[in-house]
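S.K.: Okay, here's what each chain looks like letter by letter:
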Amino acid sequence: MGEIIKRKSFLFVDDDAEFLTGIQGLFSEMARGRWDIFAAENHAQALELLARLPVDVVVVDIGMPVMDGTQFLQLLSRTHPGQPVVMLTGETTEERRKSCLESGALLVLEKPVAPDGFAAIFAALDALAGAQPQGGFRGMMRRVGLQEVLQLECLGRKSSVLEIFTGKVRGRICICDGSIVHADSGALQGEVALYGLLALRGGEFNLLPYAEPPRRTIEGHWESLLMEAARLSDEGQKFLEPDAAGQGAAELGQLAVAGTKDLLPGQMRIEEIVLCSGAGEVLYEWEPKSLELRLRLLEQIEQQATQLGGLAPLGRFDRLEILTSEERIVCQVQPDRRLFVRRAGTTATVA
Amino acid sequence: MNEALQGFLDRSLPLPGVTACGVRLADRPFVSRCYSDWLTPAQVEQALSRLALAADSLGYHGIQPTRLCWVFEHVRIHLALRRDAGCLAFFVENRPGTNPKLEGLLEEFAGLPAL
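Residue numbers (this note's numbering), protein chains in the order written: chain A, 16 to 366; chain B, 977 to 1091.
Hints in this document: simulated from the structure, not taken from any laboratory.
Where a beta carbon is used, it is the ideal one built from N, C-alpha and C, also for glycine.
It cannot be assumed that every hint is accurate.
[Stated by the list, open to error] Stretch-level coverage of chain B by chain A, calculated; a stretch enters the list once three of its residues show a Cβ under 8 Å from a Cβ in chain A: (1) 1015 to 1026; (2) 1034 to 1045; (3) 1048 to 1056.
Work the whole structure out from these sequences, hints included.
M.R.: Encoded structure:
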């Protein structure tokens, strides 16, 4: 039986007729019949077309006369809420990029000048149009996972910086010649930061030109890293499901603990997690009884550890493990992170 | 010193990896044993005093600990707390593999008859 392939549809809006003709030809060839490509030279034509033919993705040139792309994007968000829009621009500034993303654009891409640039845009649009909508931030969350974007970049042996931001978290992943070389998120760096960012359930991202990170913090092969991230993300999903608050939670805790996994055997149920940066910015929280109280506790433990360290050469403080009659708590205080994990159960031993 | 405590310490120590041990009883008398020059009895006493205070302060956060382990780069401090407010601390070199006897000793201390 032949495979049913859903055709993907795109509307390109650009006042440059030559560009439209060129891109229609090129992308039709690349799509091998899987894409329907429509073109409009101005917003009026685009709206008329959209009224007749819903499309998967609208690709809008920012620099258009009368109503520029950014304004058209805002108009679309009112007339066609939820319509995926990608902005294309000849030259972009950080401010403009930010403004487009804040107005609801899924991506802001630079108009390519070389053939491989067109291939990258094609791949991004193809992935975007194939993604299934999923609940998330501001009703715009789509399964254009960071993993897919990273995959595209790595497969294409690209160099870029993937900037990611949500209401609470801001981070970036640096890709150099198709290898993930660095990630940071708040005070976290390296693989911990990478897994933390890839576990986010929604947010926004920018794909920026490559900029050398301060140092290389990630060495592994990108495929292994993404597989590990996917595994942890799956576990995290289980962890949030009411009937499965066991093994996955422990795994997530292990990720956050990063190096103290022997403290968290998977048999017990995680009740609370608070992870914050060294500066106290909350990076992740899961059902804390009182966030403020937990943050205060971590601060208090840090002070007490400093006092203890002043009495004898104990070395750098790592964590306090607490056993009560009903639960076990780990409070880790590192220069770059603070972690509180409370889990129910009494069988585990301290250290 | 209480006989039960004396007996407990005599048969428990020294123990490989344990560099010092301190016991603080509810009415504040203090006993320490040091097995290297790395920690002096005075340091152990001061540390135990702070550890007991820190354990008390957890109550403010709704946490009633029975055991604590402060993990530092060079040492792990295991603290066992009794219902009568007595506490025992083992200062253990931070090396891979916990001495399997330690766990039992901490439990045994918590279960000793009135000290």
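S.K.: Among all the numbered hints in the text so far, which are the ones the structure does not match?
M.R.: none
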